[in-house]
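2 protein chains.
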Amino acid sequence: MKKLIFIFSLLVSFSGFCDKPGEVIQVKKTAAITEDATPYVLKKILENKEAKGIKFEKGTYHFYPDKGLTKFVYISNHKDVFVNLAFPIDGFKDFTIDGQGSTFIFHGKMIPFLVDNSENVSIKNVTIDWAMAFHSEGEIIAHNTEEHSFDVRFGDEYPYEIRNGDIYFIKEYYEHDLGQTIIYDKQRRAIAYNDKKFSPIATSQKSTVQHGIDQVKYKYKVDKSDLTLRKVGTESRLNLKQVAPGVVRFYNHKKQLPPIGTILSTKGQQGENRVAPGIRVNNTNNFHLTDVTIHHAGGMGLLVENSEDIYIDRLKITPSGDRMVSTTADATHFVGCRGFIKMTNSLLENQLDDCVNIHGAYQEVVEQLGEKKLGIRMGHHQQEGYVIGKKGDTIGFVKIDESFTPFDKLTIESIERVNQRYQVITFKEKIPKEVVQGDYIENISAYPEVLLENNKFQGNRARGVLLSTPKKAIVRNNYFHSEMEAIFLPVESSKWYESGATSNLLIEGNTFDNCNFGGTSRGIIRLVTDEDNESIAFNDITIRKNIFKMFDNLVLEASNTDELKFEENTILSSDRFPQLYPENPAFILRSSKNVTFKNNDFQGKATKMMESDKSTINVDFQ
Amino acid sequence: MKKLIFIFSLLVSFSGFCDKPGEVIQVKKTAAITEDATPYVLKKILENKEAKGIKFEKGTYHFYPDKGLTKFVYISNHKDVFVNLAFPIDGFKDFTIDGQGSTFIFHGKMIPFLVDNSENVSIKNVTIDWAMAFHSEGEIIAHNTEEHSFDVRFGDEYPYEIRNGDIYFIKEYYEHDLGQTIIYDKQRRAIAYNDKKFSPIATSQKSTVQHGIDQVKYKYKVDKSDLTLRKVGTESRLNLKQVAPGVVRFYNHKKQLPPIGTILSTKGQQGENRVAPGIRVNNTNNFHLTDVTIHHAGGMGLLVENSEDIYIDRLKITPSGDRMVSTTADATHFVGCRGFIKMTNSLLENQLDDCVNIHGAYQEVVEQLGEKKLGIRMGHHQQEGYVIGKKGDTIGFVKIDESFTPFDKLTIESIERVNQRYQVITFKEKIPKEVVQGDYIENISAYPEVLLENNKFQGNRARGVLLSTPKKAIVRNNYFHSEMEAIFLPVESSKWYESGATSNLLIEGNTFDNCNFGGTSRGIIRLVTDEDNESIAFNDITIRKNIFKMFDNLVLEASNTDELKFEENTILSSDRFPQLYPENPAFILRSSKNVTFKNNDFQGKATKMMESDKSTINVDFQ
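In the order they appear, the protein sequences are chains A and B.
Position 590 (the first sequence) corresponds to 590 in full-length UniProt numbering; numbering is contiguous.
Position 361 (the second sequence) corresponds to 361 in full-length UniProt numbering; numbering is contiguous.
Looking at chain A on its own, in the form it has when it is part of the complex (with noise of 0.2 Å):
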């Protein structure tokens, strides 16, 4: 006979908080919540719309999927993904949720707080971690250097199967193989320098024996990055054994090998591997983020699409433990936002991706179906399933491989979602014929103010800053010690379909620490656009007032840009890591105009000071 093991305890802790309209739930830490949190949390947030808020006493909360409620989410940049949810905060006002200091432990494939048709929410003062991560990671322990292997130790938080020369790392209702791979410094707490030479390590080579495949046609353009059409023409080399319990040799490896000592992040297969975004805001004006640190997520930290005014205060984004890594993608990421974005205070370091990246989303037309419709195609297949704007809103529309500046503007009366990648835009006015398959559209008025101040960027893999917002933008007081550039001003049209051709920047009073230092030939702040035109892109930015402490050379580089103001920054020579491109100059220019330099302080190793092409004119340099 079973055991009777009815929860009437949580009957009581049910029924303990009836919470009127415009009230604050209250969450007490009882055992029956605090193991998992996630049932209770769930009934309060769906009976109470009204609520002004949640406050949880301080303590440490488990929140499993099991009982949480299903919901398929479309996420840009993600993979789409269904997650059980303990706070679906959709359709709420006025609301905060108050951690008062507490820490949420969540299991598995789950999206801590997700944020959709709100206004004016507020999450406060709560740690988020995952009892395991959806990244692992070993330490590299020995060469064998006569058959270029190395040994990897995984600890006993990374449990792992071996299957035909792959590794699997096993998690709570989730497992990932090698896939993306980097290279971090243990003592530096960063990506390791000159990691380009060590990693990623190369999971998969051509397949050899195809039959008759080019006989599988599309009616319809296909993107071949698509997670099933991506597969075609690839298999594994991995080539993996276990050489003691916990210890794995990596045989097969095309690079040099990692030192020993430093720690291997492995996530598993890019387009996989997205699946558990710490915070996701979607369609909410007026959001609020205040001492609130993320540890860890299976994802970005935060990720907001088509919201409006967004506010981020000592945001702290930092491996919990023994890890290297805090989150398996970008720290912060905003598509498609406006009004304004203000993030102050705050410290990103770790994760795997980008610290910050602002930018629209670009797609593609397809067929015109009337007077004022067309039929739309989402580029990407992270892009899948986003909506580009709402009535009213201005869209541009662009010959991306001529210019990035819209050549005509229609406002959408109205959006149909047919299905992931095909919409149907109606138009207010009718379609003018120099319309065609094969344009990129943009919205015009879905693109931000930025302010990013105070904030120290660091450790991570990739960039600082990616900005793509032709608004107002203010980059100043930051540190910026990372892999790749500090500051990255892109159109990248061609892979991602991320818009927005950035005009009025001022970065200023920064210091970038020894940035670049992962092996990339790049700028400290860099301008550069996926095309080949020479139109531009970029549009009065000034850089005023920084510290660049530089252990190689190449400062700034700018494509398609005009009004560039480049003054009183200070460049120092720093012996932080050994120099890698000495031949490179401080500054390349191309394709740009109306260029100035003056009353910088140049103490750098460089000795050729500037490189431009013949496009570039009128450079004034003091």
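To be clear, the hints were calculated from the coordinates, so they are not data collected in a lab.
You may find that some hints are simply not true.
What the hints assert, rightly or not - No more than 27 Å apart at the CA atoms, straight line, and that leaves these computed lysine-lysine pairs for DSS-like:
#1 A:K241 / A:K217
#2 B:K390 / B:K471
#3 A:K471 / A:K605
#4 A:K29 / A:K79
#5 B:K391 / B:K430
#6 B:K43 / A:K219
#7 A:K217 / B:K43
#8 B:K241 / A:K241
#9 B:K373 / A:K43
#10 A:K28 / B:K217
#11 A:K373 / B:K49
#12 B:K231 / A:K79
#13 A:K71 / B:K391
#14 B:K255 / B:K231
#15 A:K221 / B:K71
#16 A:K71 / B:K71
#17 A:K93 / A:K29
#18 A:K391 / A:K373
#19 A:K49 / B:K373
#20 A:K471 / A:K391
Note that this is a predicted model, so its numbers are computed, not measured.
Got chain A; can you put chain B on it based on the hints?
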């Protein structure tokens, strides 16, 4: 400059047929429509919810997913998937889809007809097929006996790639690896005789290296067969090589080499390979299927859930062209249906699973959440999202290891689906204290009366008819030629959580033509439960006036049965196939009582007529 290719022709089509409520949408076979009918049909369906039907000018229409309506669907006994739809029949009343003899060719992951929440819907005069099948077929052309390998030739319609020793068949928007296999006899166009000797091909083996995996703990019960967890502990054992273009050598085969000239069918991994059933009906009353042919589906042909009164006449499930395989799972399947299921004059052949399966669903008690409230859990990952009933239904509570008969019954007040595995049911009455964690619940109200008459069931993998309903059922004048048992009455509680103990069944006037030729030692008619107990599962079963053509001995296996009559049947000896189990008796009885055999004409081979255990009592064998 890119080409202007706007679809003004479509505009004309779109505006040509404005339909009034109550009228029938007419679809003409213009090139703009037939080349991809999806956007046109979808628009018509969505804009004419009051229409009484849609009629197609006779022709061949292609349906692509690219512009189809995305819908996520939980599908019983399938992978839960996103599909793109042309026919989202949701909330329709008195609606008829009439192909007027047309053929609809689908491309990729679509469900041709998805019917939800509707009343009185008919589909008629239409043939469904896919351009590229979700399975693949190849002919065995050589044996290499020394190394125990065999060679398979795959035709041009099955493009493939070999990756790391496994074969991947590349389709439109889809691929599958070897996975589940079976052998067909090309001449007989059916599963090969004694196929169990040759297939399936073993694709996986135990992985040998694990480290620390027992440290991954779960707070709640988990389903080890779920798509993530099942991977732990296994790896591929395949070692396939192309020996000539289109010819692949299979090494490492554990069974006998499949005969030269037979056809290997492969469809990818179990759990992953059912993504596009032909017709799916859910929560609908009065559904009619008349003169419909389904040549193929990536899953079941027709799947009906939680619906009432289903009428099927002249349905054909049969492969097109040279294909051996029709649908890649059951021809027809009914879960939680009520009212009447009537299937007449139909041909169900060559699909990769049962012809007809009618059952309910068990779910498991997790915890009590209030006097009238239970948390319950779906047992099987392919039952995820299934809702067991609606307000007013009677739920029976079963202690499955003791008895199949409910020990108590309650009435549903409401059901809340929290996530795909966990739901909360509120009852009208208080929950009795006998209910404990681990008890099963079944919906007593959701069983149908059944009539299967004048149908032909042949050539498929697995069983003919599976019946699990306590309501009146008649199986009359059908022809069976199935490789496993022709009629199976199960209680598949342990693995599949399929409920329903059958009573009041008449099996009359059928011809059982040499069934069980696939190699299993089973009765042509078989009444067997998953559980080890001796309680009665089946009651009032009459088998009379049937003809059994028998190449082997075993006619009937019955366990846990009360009131079984086997009368006026003719058992003939056949030399259609060599005998497999000469030691078997003709009849096996276990844990049964009140069994009558009389007036049968036995001309079979069996030398031993009857085998029964000591818990079987009151058998009258004349």
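Cross-check of the supplied hints:
For the hint pairing K241 (chain A) with K217 (chain A), the CA-to-CA distance comes to about 40 Å; that exceeds 27 Å, so the pair is violated. Between K390 (chain B) and K471 (chain B), the direct Cα distance comes to roughly 19 Å. Compliance with the 27 Å bound is thereby established for this hinted pair. Of the pairs offered as hints, the one joining K471 (chain A) and K605 (chain A) is violated, with about 35 Å between alpha carbons and a cut-off of 27 Å exceeded. The suggested pairing of K29 (chain A) with K79 (chain A) is violated, with an alpha-carbon distance near 34 Å, which exceeds 27 Å.
Restraint check for K391 (chain B) and K430 (chain B): the C-alpha separation of about 16 Å stays at or below 27 Å, so the hint holds. Restraint check for K43 (chain B) and K219 (chain A): the C-alpha separation of about 20 Å stays at or below 27 Å, so the hint holds. About 26 Å separates the Cα atoms of K217 (chain A) and K43 (chain B), which keeps this hinted pair within 27 Å; it holds. For the proposed pair K241 (chain B) and K241 (chain A), the alpha carbon gap of about 24 Å is at most 27 Å, so the pair holds.
Distance check on the hinted pair: K373 (chain B) and K43 (chain A) sit about 14 Å apart at the alpha-carbon level, within 27 Å; holds. Distance restraint check for K28 (chain A) and K217 (chain B): the Cα-Cα separation of roughly 26 Å lies within the 27 Å cut-off, and the hinted pair is therefore satisfied. Annotation: proposed proximity of K373 (chain A) to K49 (chain B) holds, straight-line Cα distance about 22 Å (limit 27 Å). As the CA atoms of K231 (chain B) and K79 (chain A) are separated by approximately 20 Å, the hinted pair is consistent with the 27 Å bound.
Among the hinted pairs, K71 (chain A) with K391 (chain B) is consistent with the structure: their alpha-carbon atoms are about 24 Å apart, no more than 27 Å. Proximity of K255 (chain B) to K231 (chain B) is assessed by CA-CA distance (about 23 Å); at most 27 Å being required, the pair is judged to hold. Of the pairs offered as hints, the one joining K221 (chain A) and K71 (chain B) holds, with about 21 Å between alpha carbons and a cut-off of 27 Å not exceeded. Restraint check for K71 (chain A) and K71 (chain B): the C-alpha separation of about 14 Å stays at or below 27 Å, so the hint holds.
Using a Cα cut-off of 27 Å, the hinted pair K93 (chain A) and K29 (chain A) holds, with the two alpha carbons roughly 26 Å apart. Restraint check for K391 (chain A) and K373 (chain A): satisfied, since their Cα atoms lie roughly 14 Å apart, inside the 27 Å limit. Distance check on the hinted pair: K49 (chain A) and K373 (chain B) sit about 22 Å apart at the alpha-carbon level, within 27 Å; holds. Taking the CA atoms of K471 (chain A) and K391 (chain A), the gap is near 21 Å; set against the 27 Å cutoff, the hint holds.
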